[in-house]
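Q: Chain residues, written in single-letter form:
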Amino acid sequence: MASARVETRLWVWQRLSAAVLGLCVLVHLGMIIYAVQDGLSAAEIITRVSGNAVWFVFYAVFIVAVAVHAPIGVRTILNEMTGLSPKATHLIMAVLCLVILVMGFRAVIGLYQAGAGL
Amino acid sequence: MSNTIKVSVWRGAEEGEFESFEVPRQPSQTVLDVITYIQRNIDTTLSYRFACRVGVCGSCAMTVNGRPRWTCRTHVDKVATDGTLQVAPLRNLQVVKDLACEMTDFFDKLDRAEGKFHPTKTRHDDFDFITPDDKKRKQASAGIECIGCGVCYAACDVVDWNKDYLGPAALNRAWTLVNDERDGGNDVRLAAVAGDAGCHACHSQQGCVEHCPKHLSPTHSIAGLKRETAKAAFKGLLGGSD
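So the sequence lines, in the order shown, correspond to chains A and B. Just so we're aligned, residue 0 is where the first sequence starts under numbering that gives the first Met the number 0, counting upward by one. Just so we're aligned, residue 0 is where the second sequence starts under numbering that gives the first Met the number 0, counting upward by one.
Mixed in with the good hints there might be a few duds.
Simulated crosslink set (EDC-like; lysine to aspartate or glutamate; CA at most 20 angstroms straight-line) [said to hold, decoys possible]:
1) B/96 x B/42
2) A/86 x B/163
3) B/225 x B/163
4) B/225 x A/79
5) B/162 x A/79
Honestly, the hints are just simulated from the structure, not real lab data.
Please construct the entire structure, taking both the sequences and the accompanying hints into account.
A: This is the structure:
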């Protein structure tokens, strides 16, 4: 059993990130509905997002929230549903967090800079 | 109303099978009445547990037609809608024999959750004056009527998959004491109820709330514990190492 302090902190982090995600998902869904009105194309997405600091900050926050929230949940599921040791699930959580951060920021930075090539 | 009711009753321990009985119907008959009839008139070797027969002692809980219930206050009319009853021991507890479960784990967990009073005063001190409308008093009162029947423990899926989980009754008891102004054990109590065997394991599925015969809400109590343990964690009171 992991320590009470670790479990409690993870719970708090997951709740805080959930609150951020709640807002981010609403904005994200709203943007999707708005964006598909005139058809969806890569060029259209790049035109909107590229070089735009507001969208960059928004999606950076979104990614950090996902990178905190999802791995903690995956760790809980693995602890409850598999025979993996607490150390193993903790490690999987950390790796998953890193993977989401790297992949997410790669996409966001790529889109932010993409306009320069158009 | 048919003159008799068909009852299948669990016989054995962990291994066993259901045995069928036919019991005369009576007006206002409870499931405990049915079990008692079988034990006194048909098969005296049937084992089950009861004491008060009026919903106070919490010792007669069983699984009735698939759901955990207090059998002394469960009328046959309400549950045997198709004229049959299936009575089994409570889930999530080791079966001693027939309908009697080993309750040691259940009660030990009350202890592990620090569900005991930590006094702060002596007989020479004055009483604490707590008004009926005090917020903490109200929160304690909302959970205090638990009779320790184990119905919530049997209804809880988290207990089913995590044998270390303290369970709804123990956490509810801890919450009543967290709100007790006279109690001085909250540091040790909050550390005891935090973690993956404590309040943070609860998924808020509310099986306990659905089945509690006293209509308590252990889920609400557990949510309160989550808040208080979070505050304690920020203050560095939960102990343990990172």
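Q: Determine for every hint whether it applies to the structure shown.
A: Tested hints:
1. B/96 x B/42: holds (14 angstroms)
2. A/86 x B/163: Status holds; Cα separation ~18 angstroms.
3. B/225 x B/163: Satisfied, since the Cα-Cα distance of roughly 18 angstroms is no more than 20 angstroms.
4. B/225 x A/79: holds (19 angstroms)
5. B/162 x A/79: holds (11 angstroms)
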